[in-house]
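Trainee: Sequence:
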Amino acid sequence: ELYSNNISGIIPEDLGNLTNLVSLDLYLNTLTGHIPSTLGKLQKLRFLRRLNNNTLTGQIPMPLTTIMSLQVLDLSNNKLEGDTPVNGSFSLFTPNSFANNRLNNPPPAPLPPITPTAPIPSGNSATGAIAGGVAAGIALLFAAPAIVFAWWLKKKPHDHFFDVPVFFTAEEDPEVHLGQLK
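Everything in the sequence shown is counted per our numbering, starting at 17 for the first residue and increasing by one.
In case anyone wonders, no lab produced these hints; they're calculated from the structure. Just to be clear, a hint being listed does not mean it is correct.
What the hints assert, rightly or not - Computed spacing ranges between beta-carbons, pair by pair:
1) L34 <-> K95: 22 to 30 Å
2) I26 <-> L108: 21 to 29 Å
3) K95 <-> N21: 18 to 26 Å
Predicted model only: the values in this text are computed from it and were never measured. C-beta atoms are modelled at their ideal positions from N, C-alpha and C, and glycine is treated no differently.
Start from the sequences, fold in the hints, and give me the full structure.
Mentor: And the structure:
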């Protein structure tokens, strides 16, 4: 990040030899001259974030469009001229990336998101009513036996068993025998 450092002069061609460079920020300096085509060798470059607000001239070098990792680009507010590339990674960038230059054919603004439209019903409403009735009938066919079975289980008398305490013997209570359930 070398932005806003009052750096003047041209961008060195040798900058393209820094092949592991991921980000380059040179905005708000007084850089002049053209953008070196050797920057196209920076295949790991993700952010050519800001070459904006300098006085760069000439055309945008086509080798820059081959940097497929490039995610952010800002060349605005320079004196660049010629055609605006729209191929390769440059197809991702909006007109704001190239604003306030002397460029031809700026890329079109991105299309607004497509909103899905409501489906248009086909056929007549009787078909839907029949399908709904069939679905309700099938649901009732399975639900009714389950409801009847649950009701039957609730109404069925349940035997409650308990263990006879050990301290009772047959002599004390002739009706209860040890281990017998009542």
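Trainee: Compare the structure with each hint and give your call.
Mentor: Hints versus structure:
1. Between L34 and K95, the C-beta spacing of about 25 Å keeps the proposed range 22 to 30 Å intact.
2. In this structure, I26 and L108 meet the distance hint of 21 to 29 Å, their C-beta atoms being roughly 27 Å apart.
3. Checked against the hint of 18 to 26 Å, the pair K95 and N21 passes, with Cβ atoms roughly 20 Å apart.
Every hint from the earlier list agrees with this structure, and none is contradicted.
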